[in-house]
Amino acid sequence: MAAAIAAAAAQSRPLEVYGGGSKRDVGKPLQTAAHLSTSALTGITLYEPNELVISARSGTPLSEIEKTLATNKQQLAFEPIDLGPLLGKNPGQGTIGAVFATNLSGSRRIHVGAARDHLLGLRAVNGQGELFKSGGRVMKNVTGYDLCRGLAGSWGTLSVMSEVTMKVLPRAQATRTLILRGLTDEVAVDAMCAAMGSPFEVSGTVHLHPSCAQAMGIDGLAKRGQSVTALRLENFSSFLDYRAGQLGKILAAFGKMAQLDTKQSAPLWDGIRALKFLEGGQGAVWRISIAPTKAPQFVAAIAAQLECRAAYDWSGGLIWLELTPTHDAGASEIRRTVAEIGGYATLLRAEPAVRAAVDVFQPLDGSVDMLTRRIKAAFDPAGILNPGRMYSGI
Amino acid sequence: MSSPAIPEPDTQILSRRDEIVTALLRIVPDSECVIADEDGRRAFETDALTAYRQMPLAVVLPTTTEQVADVLKFCKANNVKVVARGAGTSLCGGAMPLQDAIVLGISKMNRVLDVNYKNRTARLQAGITNLGISDHVSAEGFFYAPDPSSQLACTLAGNLGMNSGGAHCLKYGVTTNNVMGLKMVLMDGTIVEVGGEELDAPGYDLLGLIIGSEGQFGVITEATVRILRAAEGARPMLMGFDSVAAAGACVAGIIGSGIIPVAIEFMDKPAIKVCEEFAKAGYPLDVEALLIVEVEGSEDEIKDLLKRITKIAGKFKPSVTRVSQSEEESAKIWLGRKSAFGAIGRISDYYCMDGVIPLGKLSDVLVNISDICERYGLPVANIFHAGDGNLHPLILYNANDPVQVEKAEECGAEVLKLCVESGGCLTGEHGVGLEKRDLMTVQYSQADLVQQMRIKSVFDPDWLLNPAKVFPLEVRELQ
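The listed protein sequences derive, respectively, from chains A and B. Position 372 (the first sequence) corresponds to 710 in my numbering; numbering is contiguous. Position 205 (the second sequence) corresponds to 819 in my numbering; numbering is contiguous.
Honestly, the hints are just simulated from the structure, not real lab data. Do not take every clue at face value.
Said to hold, decoys possible - Here's a subset of chain B near chain A, in silico, CB distances under 7 Å, partners left out:
| hint | residue |
| --- | --- |
| 1 | E633 |
| 2 | P816 |
| 3 | Y818 |
| 4 | A1061 |
What the hints assert, rightly or not - Simulated pairs of lysine to aspartate or glutamate, EDC-like, Cα-Cα distance not exceeding 20 Å:
| hint | chain 1 | residue 1 | chain 2 | residue 2 |
| --- | --- | --- | --- | --- |
| 5 | B | K946 | B | E890 |
| 6 | B | K1021 | B | D1052 |
| 7 | A | K587 | B | D914 |
| 8 | B | K975 | A | E617 |
The C-beta atom is built at its ideal place from N, Cα and C for all residues, glycine as well.
Just chain A, same shape as in the assembly (with noise of 0.2 Å):
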């Protein structure tokens, strides 16, 4: 790989990187006439259950690694996404270089920390054809700098993972989930946010919009236009009757609850992290990140203006958007609204011709871009790694 990306490098010759696809309608088109993937980098290189900690060959299917780490009951914590089905895909396509080049993290990031977090070390390629490490596979290292977290999210702009090493979890004994039913975006946020803001270790926290409850095709979930706010406890099975119980206290005053034991969870926070809340759906989706408490204010601010149905996700910090199509994906009312309101957006789907033309990603601030550029330079100089994917001219 490192031969193949140094040749590229002394033509100027410009790559798609990827790895397994699932993923690569995300961001600015790109009219490379070369590409590169690493799906045939494959193979877990080092596994320690004791130790917590697994490598992998950056193109090895995320699902091979969580097949290996549930026999031994456990897991990546941070619960990946799958895009994949959101963008016309097959589900379980994602390689593990993937997971890092892009930083999606799923529901339990609001307790456990984002994909970033559990990288440890890093083997990579960059721009130049230069291959590097950073990091290592122990848990605490501040050797020099963090080029991991450097390249986590990324997006193949800056390197090209061949090698990742990542920290694992043991999986919780049993899960319950708390149901309320027909809260406001409001209320449901001000619910999330106490039970974050509760000593029993709240592990996800989501709020579906009538039509994304329905989308999940669960059956009882809920009525026909009715919202669903869950609420997840995840641990030994003798601790989650006092938890949720406890918890239940705490939300009382926000209606009738419903729980849902170890079983019934199952399918909802598979589902959730499969984005099955948005299926059926054809407009353009935004991902949101926001302060919890400004995302119902967000989330009226686009209603106003189109149609959308929205889930929310880490107690409100996280807000997916489904928009009717419109020319242009609803961009200019979702950057005229953050620059009110606040927070980043991102367009995850969009035609090609619609994100050639707009934002995909949040425009960046003056000096933040300066650095930016200068990253960009000090990894890939001859600007041939997935050129102009995540900003013009990165």
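Keeping the supplied structure of chain A fixed, place chain B upon it in accordance with the hints.
Here is chain B on its own, set in the frame of chain A:
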């Protein structure tokens, strides 16, 4: 290995000292905030790695981000080097001054700017102490998770610079896992705001790059951190073992069982003795190794977890097992651990290592460390965060004896090389600083280091910030 070389000071800068001090006073017009006299400067001549000392050119203690920007702009224009400093508690010489550099201390900027309990965030000036953050939010039942032993004194700014950890990061992560945004001033005076109140920031993960950059990218003046709701209760238990190997195997047994305690701390016999004398924590004195294991939850959950852990530990035959019976006893148990470095410092000078190893190698590495130290004729006390393999061998020596100083440095270097050879790293939470600078090539290839240095040049193209640290001087020449 001998003491890391420090480049000859720039005589031109030294000769311009008065002029530089005058300029600093113009920017920060308060004689208490610009320290130029010898006695005043002496207070800053070292950090917590007291073996290395240099008198700084001058010390400036700005009170606003704008003053920081003006100081840096002036220094860049005049080619003056800058060493940023929080409370000066670095154990690796990270805050050690240089004769031709000013010290820019952030300690006067220590206010809480905003706390949002619903969003669970706190915005702070970076000079606040680590414990000051938790103290501010504790009445509401919240805390800031990273807890270095020096938390009473060390600043958030220093924690950000070094990506500090602590005893409880086994469960809660280190600094970089608990920070959402920061305000940093670049050497040219540009004020950069990265991240903020959102969990994900746009674009590249600048936060990830900046945290742990050892004061070499810019001067951080503000940060937004995550605050967490504290558990209902917490309780430590003590387990004593007749061998270091049994204690090590017990740690792996607990982690492998699916229980992640909040903390698993390890002490060997020499460390137990000193800490017990200091804190009267009730540590057993007739064991070879002691584990402090802490769990959290409700009263019933705590009992249940400790029962599970006791059962697992039974396989490794602890000679003593004792659960703390009161808040007072718990506080004493932690006091003993957290004041360990200070307690050992009362009996001897010490050189504190910070290597990390894979947990499975724990007992082998500890045996090898004893062998190495014995070969140098230096006593060693081991006290560390066992759950994540972060070792703190304390090599005892006499700082007034140049032969012993050299021996201690060589012995320490061998210990750290052993950590790297075992699959670990040079430093888990203290940083590279000056102390471990020349060992970087043990862990990293030239290509690895060059890539890191390119990032340094992104933020500080003239290499004026905290110079002569982190990268071996000869590797620096390559760039």
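Which numbered hints fail:
1 and 8
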